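Q: Assemble chain V onto chain A, guided by the hints.
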Amino acid sequence: MTDTAPAPETTKADWTSDQEPRWCPGCGDYSILTAMQLMLPELESRPRPENTVFISGIGCAARFPYYMNTYGMHSIHGRAPAVATGLAIARPELDVWVIGGDGDMLSIGGNHLIHAMRRNVNMTILLFNNQIYGLTKGQYSPTSEVGKITKSTPMGSVDQPFNAVSVALGAEATFVARTHDMDRKHMQETFRRAHEHRGSSLVEIFQNCNVFNDGAFAQITKKDKRDSMLIQLTHGEPIRFGEDNEFGVISNSQGNAEIVKVADVGEPALIVHDENCEDPSLAFAISRISSGPYEPTPVGVFREVQRPEYASVVNQQIDVARSQQGSGDISDLLNSQPTWEVA
Amino acid sequence: MTDTIPESGARELSRIIIRFAGDSGDGMQLTGERFTNASALFGNDLATLPEFPAEIRAPQGTLAGVSAFQVQVSDHDITTPGDAPNVLIAMNPAALKKEISKLEIGGTVIVNKDTFEERNLAKAGYTENPLETGELSNYTLFKVPMTSMTKEVCKGIDGIKPRDAERSKNFFALGLVSWLYQRPMEPTFDWIEKKFGKTPNVVQANNAAFKAGHAYGETTEAFSYTYEVKPAALDAGTYTNVNGNTALSWGLVAAGKLSDLPVFLGSYPITPASDILHELAKHKNFGVATFQAEDEIAAVASSVGAAFGGSLAVTTTSGPGIALKGEAIGLAINLELPLIVIDIQRGGPSTGLPTKTEASDLLMAMYGRHGEAPMPVIAPYSPGHCFHAAIEAARIALKYRTPVMLMSDGYLANGSEPWKLPDVDSLPIINTIFTTEPNHVDEDGNEHFWPYKRDPETLARAWAVPGTPGLMHRIGGIEKEDGTGNISYDPLNHQHMTDIRQAKVENIASDIPLTWVEGDEDADVLLVGWGSTWGAITSAAKLVRDQGHKIAHAHLIHISPFPSDLGDVLSRYKTVICPEMNMGQLSKLLRAEFLVDVKSVNKVQGQPFTTSELVDVILEELK
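Respectively, the protein sequence lines represent chains A and V.
Residue 49 in the numbering used here is what sits at position 63 of the first sequence, and the numbering runs on without skipping anything.
Residue 80 in the numbering used here is what sits at position 79 of the second sequence, and the numbering runs on without skipping anything.
No lab work stands behind these hints, which were simulated from the structure alone.
The structure presented is a predicted model; accordingly, all values stated were derived computationally and were not measured.
A virtual CB, placed ideally from N, CA and C, is assigned to each residue, including glycine.
You may find that some hints are simply not true.
Footprint (simulated), chain V over chain A, 3 or more residues, beta carbon under 8 Å [as the list claims (entries may be wrong)]: (1) 52 to 59; (2) 75 to 88; (3) 91 to 105; (4) 316 to 322.
The following block holds chain A by itself, in its conformation from the complex:
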């Protein structure tokens, strides 16, 4: 926008649509929605609802755009990152958010997710991970643990689950973070960081499905468990956690991240978290510390690096072509091959 005056402040009400949310009572999605509606008015950049677009796929999470008083599209299963890519290229000035669940983003839409991240299209992707298919009433998902008993796996799932953060780091996403639906402040801070990043930002949100997978993350996200089970990543600081901060993370001789007692190794041996490390290997190693939400699990920003943003480069090429060739003339185009006259 070219306005010189700062955009007016907004309130939660400005971001709230007239549609009543229809998630199951007690669903984690409510707290994510609230965190979003509280976070946006607090942003220093003062985004405007009319310049904000939420694009979703299909699933419980994908109803999210209906509840935001912004532009929005509830598209088709898995394709939200692709729809958002087209929009972001066509309208690079917009704030584009992508909302989806673990099935939407990592199963049917896995291809679009990884390609959006590798291209670094400017969009903030919120992946609501509840480790279950909720909308279709309880089949295992690509993040469900091995052995998961569901309607479609009566003898237990045999699929190895995806770790969403590892997938994102593997695709060399420029911003990768994790948060959870039990901590609104942490969500707001993580969403803010993700939104401020220019490029593709991926935020995995551990989200409780209280109907089909209740308590999936309780072992790590319950208030009395967080200190011992959530490893908060803070840029520039040694990675430590525990009720008395007694644990830490080191890089072992194989290059893997390993949980140790700080008393055993001394603080200088711990990994000092560096979000801005160009090479995603260390962040990836950190993402592998936990094999599921029953072990100490890192949360926060894993990685934030700068890389040219896709849509702006596409549009720069258009600008360069225009400055070199002018804005185009149909007649010139038609005469661009050899022509001849018939009298």
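A: Relative to the frame of chain A, chain V by itself:
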């Protein structure tokens, strides 16, 4: 041919059909295109049929690796690349073996004699050298040592080793044929300079080979005559030789200008549609953004996103891609957003015949989506018409807020014709008005934006793009209430919305021309076609008429909806024949819609109808 033979010098021909054939690596497509362009610039009418294998490089010298290019050049208006060639240029034994049966009896064969040695003969499956056995006695055979003469003439060119020189042998062939048919040489020299200017020694080698071929024709006594095809008496105007994919791309670029919207193309490479992506990528200065997506689904989905943002959104593909895009096209139908979906049809199902033409996606275009999902379908009839069809697709898509399917095919895509450049001022201006103010006032006097409030005439919904203050709204694939656009599971609303979506498409019939019928009004037989069969049907109808019969030809550009008078037109004739490059898909639609006993004529051989095939069918019917 009935032309009289003079003692010597140039024989005048009214038309000539030449087929260049060789190994995939021999540059036959390029040779054919160069001959075509020189002929176009000379003023002939022409039509081309490139035919190449799906493999980039099948094993050298094998039948599988033969690539051919047929062109008909004439001094009068023609619509097809011709049936049986008069001349075959065969660069190796495999090309001779594969193509000789297509040549007219008594036709001319020019072979690259150097390649007729044991190894190549064996690869082509010859146990004896056909140049020696007499099996070509039905033809006039010229054995020309093209490879060795090309190598000879390139000797001494800096940096051109004999192996490199060999690559220029197609220019030798082009030079020889250019002499034989008295084509101007300058366009070829110009083109070589433009194409290879960065490597002067390659320019030198190609020029040398081209001149040597020309000189060979002139100086050896093997060729008694040259032939001349005079310029055709075409309508006055400026012409260019254009293929369908290029014309289509230009049409899309023009549609962006005419509608004053940025063009967004989301595409995934697929034969024979990729050239549209390549062409559009060259025209960024027109505000064209091209996005090579990770797959066909992302290609169409990104286009839907761009359409939501206010672009003239396009996705291009071939049949397999349409199959993958079906769900997202349904989304665009439900969202009522403008979107151009381009299907350059090829042989199917599955991978089918990727480089061969077919028109068997029509029913998929009409019905290949879940739910009641009607959309307009239009089909260009010639390479040049692809330009206008693209603009028409954009006009309908933007005016009615609907995806439009444009059905071209491999034959139109790669075939070329002299195209009279349209008067740019005569192209339609496509007015697109975005909604910028609330469009509904409720009982309490509050203003709202209703995304599904409709224009009463076109039934198009209001289109407000992100960035417009005060008009924030959400749309989605779930059924929605007409007007407000809010999610609605109400049974009667779903019936209403289904009816509206259908009516919106049917309504377009009042906004398109009546059926295009040519020929005798009092004929008993009507030929009905769509798409690229236009050329063969037109030329067959002409031949039949020349024999004293009456015949009419209706060609459909709009297939969904049909022109409003089509039912009446069909009912005027005793017999309706519908030739199609499929198993009778338009015939089914016509039968279902109009209860007309359409006689379906089918061909799915990866090649267009020949004129004579259709003449036979028509004469049989007229008996």
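Q: Against the earlier hints, flag every one the structure doesn't satisfy and list their numbers going up.
A: The structure breaks none of the hints.
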